[in-house]
Amino acid sequence: MIRLFLRDLTLAIRAGGGFGLGLAFFLIVVVLVPFGVGPESQTLRTIAPGVLWIGALLACLLSLDRIFQLDFEDGSLDLLATAPIPLEAVAGMKAAAHWMTTGLPLTLAAPALGILLNMEQGFGWLTLSLAVGTPALSMIGAFGAALTVGLKRGGLLLSLLVLPLYVPTLIFGAEVVRRGAEGLAVGTPLALLAGITLGTLALLPFAAAAALRVNLR
Amino acid sequence: MVLKTHDLACTRGGIPVLAGVSFALAPGEVLLLRGPNGIGKTTLLRTIAGLQPPLAGSVDCAPDAIAYGAHADGLKATLSVAENLSFWAGIYGGTGIAPALAAFNLEKLRDRAAQNLSAGQKRRLGLARLLVTGRPVWALDEPTVSLDVASVALFADAVRAHCEAGGAALIATHIDLGFKARELDVAQFRASETAAGGFDGGFDSGFDEAFL
Chain L
3 MIRLFLRDLT LAIRAGGGFG LGLAFFLIVV VLVPFGVGPE SQTLRTIAPG VLWIGALLAC
63 LLSLDRIFQL DFEDGSLDLL ATAPIPLEAV AGMKAAAHWM TTGLPLTLAA PALGILLNME
123 QGFGWLTLSL AVGTPALSMI GAFGAALTVG LKRGGLLLSL LVLPLYVPTL IFGAEVVRRG
183 AEGLAVGTPL ALLAGITLGT LALLPFAAAA ALRVNLR
Chain F
65 MVLKTHDLAC TRGGIPVLAG VSFALAPGEV LLLRGPNGIG KTTLLRTIAG LQPPLAGSVD
125 CAPDAIAYGA HADGLKATLS VAENLSFWAG IYGGTGIAPA LAAFNLEKLR DRAAQNLSAG
185 QKRRLGLARL LVTGRPVWAL DEPTVSLDVA SVALFADAVR AHCEAGGAAL IATHIDLGFK
245 ARELDVAQFR ASETAAGGFD GGFDSGFDEA FL
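Those sequence lines, one after another, are chains L and F.
Read the first sequence against my numbering and you will find it ends at 219, with the numbers running on by one and no gaps.
Read the second sequence against my numbering and you will find it ends at 276, with the numbers running on by one and no gaps.
Isolated chain L, as found in the complex (with noise of 0.2 angstroms):
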């Protein structure tokens, strides 16, 4: 399994793995921001953890498609579906290694991009809601790309599949950077968040490696 999450991550760092594409498309989000709504830095503040959580949103769909498009243009998802580890552990690893290619960059450098934006406080939980909540976007995604997987141009589609799914982490991850950069407490949406979170790290590898199975088919 761990083989796998290896592979994964190597082909992203590699040449045109895309690895690094969801986080300029992020900064590019972010600092296209500014010029459309003005410059009135009292705007910017209200705005910030809308915009960077919508950025990150956005960002972590720009490589769904690739999760097992390529595996199962290459042939290779047929080989892993009957290898000896259970297609929910691919659903799951695959996750990962989107995660810690996307996820993982976004969340660090959301911070810097706040600063962009005019926060003054609450940079932490900014950190702390992306690095919590960006891993249900790749599990979510990973899932809708296994719907999708079969189907020429699935991309467009796996994009309306997925981005309702994703509307209870925005408004969570949003509410925790908010309630953070206006000092209120943040232990209500954060251990929502969290809750999100961990059930579709539960539940979803489950349902993505039966979707592939259908899909395999």
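The set of hints was computed from the structure by calculation and includes no laboratory data.
For glycine and all other residues, C-beta sits at the position ideal for the given N, C-alpha and C.
Just to be clear, a hint being listed does not mean it is correct.
As the list claims (entries may be wrong) - Sample of chain L residues with no beta-carbon within 12 angstroms of chain F, all distances over it, derived: (1) GLY77; (2) GLN123; (3) ILE173; (4) ALA204.
Said to hold, decoys possible - FRET-style restraints, in silico, Cβ to Cβ: (5) L/LEU118 - F/ALA162: 20 to 26 angstroms; (6) L/GLY197 - F/ALA126: 38 to 44 angstroms; (7) F/ASP175 - L/GLU90: 31 to 37 angstroms; (8) F/GLY157 - L/GLY18: 25 to 31 angstroms; (9) F/GLY78 - L/THR12: 34 to 40 angstroms; (10) F/VAL209 - L/GLU90: 31 to 37 angstroms.
Chain L is already provided as a structure; the job is to place chain F on it using the hints.
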């Protein structure tokens, strides 16, 4: 018997293509699946490998006994030959990759990226994967595509060594591999026209070609 099918029926795209497939494979035996294009050899192999459920009948085989070799080799273009093979060896908990590299004459290519291999070299790497799986039954789908005569001989040697060690192989192929083996003509198991979606006389070879 390492593998036995009983009255197996398989579908492709929801349409039954084969019915009543019964055969047994003993340790040390090679069974060649013959039949024209589109008759359902790939579908049969995928069903036996467990990638799709049978429509009827059963496949009796020890769990985790089958190493499936598909048309696609499952290689990652940016990984080297050794990295590709080590990955599969790790997944199957297998031993070192050196014997597999030697068996398919890949030692000189071990550090070359898979994207820079020729079609025949890629195929040899795909076949070397079988040796690192350590599984007793090989289910291979046209393994000799794009191989030259010398490489086909390497493959035949690998199959022979595998069988001498107590393994078995089920190979769908159109060519003569150069050793004696039992042959099974898949065409005799073709599903009847009515079973194939209830077409009356409209089920021609051009139609099922589109699905196979």
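Structure-based check of all given hints:
Against the 12 angstroms criterion, L/GLY77 falls within the reach of chain F, whose nearest CB is about 3 angstroms from its own CB. Annotated as non-interface, L/GLN123 keeps its C-beta farther than 12 angstroms from every C-beta of chain F; the closest such distance is 43 angstroms. Even its closest Cβ contact with chain F, about 38 angstroms, leaves L/ILE173 beyond 12 angstroms, as expected for a residue assigned away from the interface. Consistency note on L/ALA204: stated as away from chain F, and its beta-carbon is indeed over 12 angstroms from all of that chain's, at 24 angstroms minimum.
Separation of L/LEU118 from F/ALA162 is about 53 angstroms and departs from the stated range, judged on CB atoms against 20 to 26 angstroms. L/GLY197 and F/ALA126 have their C-beta atoms about 42 angstroms apart, which keeps the hinted 38 to 44 angstroms range intact. Between F/ASP175 and L/GLU90 the beta carbon distance is about 34 angstroms. The supplied range of 31 to 37 angstroms therefore holds. For the hinted restraint 25 to 31 angstroms between F/GLY157 and L/GLY18, the CB-CB distance of approximately 30 angstroms keeps it satisfied.
Checking the proposed 34 to 40 angstroms range against F/GLY78 and L/THR12 shows it holds: the Cβ atoms sit about 38 angstroms from each other. In this structure the supplied range 31 to 37 angstroms holds for F/VAL209 paired with L/GLU90, their Cβ-Cβ distance being about 33 angstroms.
In summary, the numbered hints that this structure violates are 1 and 5.
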